[in-house]
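S.K.: Listed below are the residues making up each chain.
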Amino acid sequence: DAMVIQNPRYQVTQFGKPVTLSCSQTLNHNVMYWYQQKSSQAPKLLFHYYDKDFNNEADTPDNFQSRRPNTSFCFLDIRSPGLGDAAMYLCATSRDAWGRNEQYFGPGTRLTVT
Amino acid sequence: SQQGEEDPQALSIQEGENATMNCSYKTSINNLQWYRQNSGRGLVHLILIRSNEREKHSGRLRVTLDTSKKSSSLLITASRAADTASYFCATDAGGTSYGKLTFGQGTILTVHP
Numbered sequence: 272d273a274m275v276i277q278n279p280r281y282q283v284t285q286f287g288k289p290v291t292l293s294c295s296q297t298l299n300h301n302v303m304y305w306y307q308q309k310s311s312q313a314p315k316l317l318f319h320y321y322d323k324d325f326n327n328e329a330d331t332p333d334n335f336q337s338r339r340p341n342t343s344f345c346f347l348d349i350r351s352p353g354l355g356d357a358a359m360y361l362c363a364t365s366r367d368a369w370g371r372n373e374q375y376f377g378p379g380t381r382l383t384v385t
Numbered sequence: 006s007q008q009g010e011e012d013p014q015a016l017s018i019q020e021g022e023n024a025t026m027n028c029s030y031k032t033s034i035n036n037l038q039w040y041r042q043n044s045g046r047g048l049v050h051l052i053l054i055r056s057n058e059r060e061k062h063s064g065r066l067r068v069t070l071d072t073s074k075k076s077s078s079l080l081i082t083a084s085r086a087a088d089t090a091s092y093f094c095a096t097d098a099g100g101t102s103y104g105k106l107t108f109g110q111g112t113i114l115t116v117h118p
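Residue numbers (this note's numbering), protein chains in the order written: chain A, 272 to 385; chain B, 6 to 118.
Since the hints were derived computationally from the structure, they do not count as laboratory data.
All values reported here derive from a predicted model rather than from experimental measurement.
Here a beta-carbon is modelled for each residue, glycine too, at the ideal position from N, C-alpha and C.
Where hints are given, some of them may not hold.
When the alpha-carbon atoms are kept at most 25 Å apart in a straight line, the in silico BS3-like pairs for lysine-lysine are as follows [as the list claims (entries may be wrong)]:
1. A:K288 x A:K309
2. A:K309 x B:K31
3. A:K315 x B:K75
Distance ranges between label pairs, derived from CB positions [what the hints assert, rightly or not]:
4. B:H62 x A:R280: 31 to 39 Å
5. B:R85 x A:L298: 41 to 49 Å
6. A:N341 x B:T82: 42 to 50 Å
7. B:A86 x A:D322: 35 to 43 Å
8. A:N299 x B:E60: 27 to 35 Å
9. A:Y281 x B:Q19: 31 to 39 Å
10. A:P289 x B:H50: 26 to 34 Å
11. A:K323 x B:E20: 43 to 51 Å
12. B:N23 x A:S343: 25 to 33 Å
13. B:H62 x A:R338: 36 to 44 Å
14. A:L354 x B:T72: 40 to 48 Å
15. B:H50 x A:D322: 15 to 23 Å
16. B:T82 x A:S293: 24 to 32 Å
Under 8 Å between C-beta atoms, here's a sample of chain A residues computed to sit facing chain B [claimed, not checked]:
17. P314
18. F318
19. W369
Work out the full structure, taking the sequences as your base and the hints as a guide.
M.R.: This is how it looks when you write it as structure tokens:
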């Protein structure tokens with residue numbers, strides 16, 4: 272089945288130790304998104320790619336970076352995780368950026384920072 | 006500032022009852038979408054309503070949109086215990102937003118068997 276896959280599902284890292292979260296999709300969608308969701312809050316958009324055109328939100332901390340080496344894969348790098356970065360990180364895709372742009376989400380990676 | 010605000014924040018009902026959730030937003034939109042999120046999981050798209058549409062149905066779901074009031078509602082009829090989840094509205098402002106969605110804070114729905 273076509274889907275959005277995130278690995279790992281659970282990630283524990285130490286304060287200040289770089290961590291990379293990965294996302295892959297078999298939907299062949301043009302747009303990929305990374306969201307941060309803290310407990311009982313709305314998902315907050317960090318980055319999105321339209322094909323390889325990269326866009327970061329104005330309030331995304333510099334500590335976060337993203338890479339999309341090809342259509343299928345996208346990575347989220349957290350260079351120096353702090354305790355405040357503990358959250359669920361959600362990857363999503365949409366077929367296009369205009370018109371029917373409903374998003375398909377992966378199961379998320381729950382990041383714990385110790 | 007947050008585009009979407011949802012009301013109520015939490016809703017508790019019995020199986021078989023209807024559940025209504027409301028969403029208000031601030032700026033003009035291209036479309037509005039509703040998503041469901043089970044605890045600790047990703048979001049699942051439920052329904053999309055365009056700005057020129059007033060009502061859409063999908064199974065037990067009914068969504069309305071009033072662009073003059075900048076509000077939408079999601080009605081789940083004949084609710085089931087499996088409908089227990091958080092429900093989010095999300096708005097697409099269109100233009101050069103590249104399909105970016107702004108999510109509301111969500112409504113936590115609990116359906117008791």
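S.K.: All hints, please: hold or fail.
M.R.: Tested hints:
A hinted pair counts as satisfied when its Cα atoms are at most 25 Å apart, and A:K288 with A:K309 qualifies at roughly 20 Å. Taken as a hint, the A:K309 and B:K31 pair is honoured in the structure, with Cα atoms around 23 Å apart against an allowance of 25 Å. Distance hint between A:K315 and B:K75 is fulfilled; the C-alpha atoms sit about 21 Å from each other, no more than 25 Å. In this structure the hint that B:H62 and A:R280 lie 31 to 39 Å apart at CB holds, the actual value being about 34 Å.
Taking the beta carbon of each, B:R85 and A:L298 are about 28 Å apart, not inside 41 to 49 Å as hinted. The hinted range of 42 to 50 Å is satisfied by A:N341 and B:T82, whose Cβ atoms lie roughly 43 Å apart. Distance hint check for B:A86 and A:D322: the Cβ-Cβ separation is about 42 Å, which falls inside the suggested range of 35 to 43 Å. Range check, A:N299 to B:E60: Cβ separation about 32 Å, and the 27 to 35 Å hint holds.
Against the hinted window of 31 to 39 Å, the Cβ-Cβ separation of A:Y281 and B:Q19 comes to about 34 Å, which satisfies the hint. The hint said 26 to 34 Å for the Cβ distance between A:P289 and B:H50, and at roughly 32 Å that hint holds. In this structure the hint that A:K323 and B:E20 lie 43 to 51 Å apart at CB holds, the actual value being about 48 Å. A hinted range of 25 to 33 Å for the beta carbons of B:N23 and A:S343 is inconsistent with their spacing of about 41 Å.
The hinted window of 36 to 44 Å between B:H62 and A:R338 holds, with their beta carbons roughly 41 Å apart. Taking 40 to 48 Å as the suggested C-beta distance range, the pair A:L354 and B:T72 conforms, at roughly 42 Å. Restraint check, B:H50 to A:D322: a C-beta distance of roughly 21 Å satisfies the suggested window 15 to 23 Å. For B:T82 paired with A:S293, a C-beta distance near 39 Å fails the hint of 24 to 32 Å.
Nearest Cβ of chain B to the Cβ of A:P314: about 5 Å, under the 8 Å cut. The hint holds. With 8 Å as the threshold, the beta carbon of A:F318 stays out of range of chain B, its nearest partner Cβ sitting at about 11 Å, so the hint is violated. About 7 Å separates the beta-carbon of A:W369 from the nearest beta-carbon of chain B, less than 8 Å, and the hint is met.
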